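Asker: Sequence:
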Amino acid sequence: MAMEKTIFLESVEATNHLGEKISHLLKPGDLFYFRGDLGSGKTACVRAIMKGLGFNGRVKSPTYILFEQYELSLTINHFDLYRFKSSQEWEDAGFSEFINGHSVTIIEWPEMASKILPKPDLYFHFFHHNDMSRNLKITSQSKRGDECIDCLG
0 MAMEKTIFLE SVEATNHLGE KISHLLKPGD LFYFRGDLGS GKTACVRAIM
50 KGLGFNGRVK SPTYILFEQY ELSLTINHFD LYRFKSSQEW EDAGFSEFIN
100 GHSVTIIEWP EMASKILPKP DLYFHFFHHN DMSRNLKITS QSKRGDECID
150 CLG
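Numbering that gives the first Met the number 0 applies: residue 0 is where the sequence shown begins, and numbers increase by one.
No wet-lab data here; the hints were simulated from the structure.
Each computed BS3-like pair below joins lysine-lysine, with the alpha-carbon atoms no more than 27 Å apart:
id : residue 1 : residue 2
1  : Lys50     : Lys20
2  : Lys59     : Lys20
3  : Lys84     : Lys118
4  : Lys142    : Lys114
5  : Lys20     : Lys118
6  : Lys142    : Lys118
7  : Lys136    : Lys4
8  : Lys59     : Lys118
All figures in this text were calculated on a predicted structure; none of them were measured in a lab.
Can you make the complete structure from the sequences, with help from the hints?
Answerer: Below, the structure written as structure tokens:
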């Protein structure tokens, strides 16, 4: 059965803390989907995950280029599908090969290719609460996702 957890992120610092916590849970093969309105904290959380993995460079939102890959202690594939017009663009771009057992894949705006994407381990849905704070609903879609939610406390 899918587990759910709701977290109130009262500030950017709280989002950063959560992202760093997530970074310590990652294992090869993890597939996470980040959903939410523009400015709701998706990319900020990815930046915090990357920082938690020791990445000191600039983590850009891949909105225009669609994809960034980072080679750290783990290979991190970061997708942003905001500009997709249909699910078929995922296949046409050949992105399916990046969802595999040896990389961690994080996809922002997964709903833009929902007809083609596999079920993720975790679904992160960010909601605006006010100018500074967010609500985050995390839903597991696999046994691995359940493990991660347990570790997030």
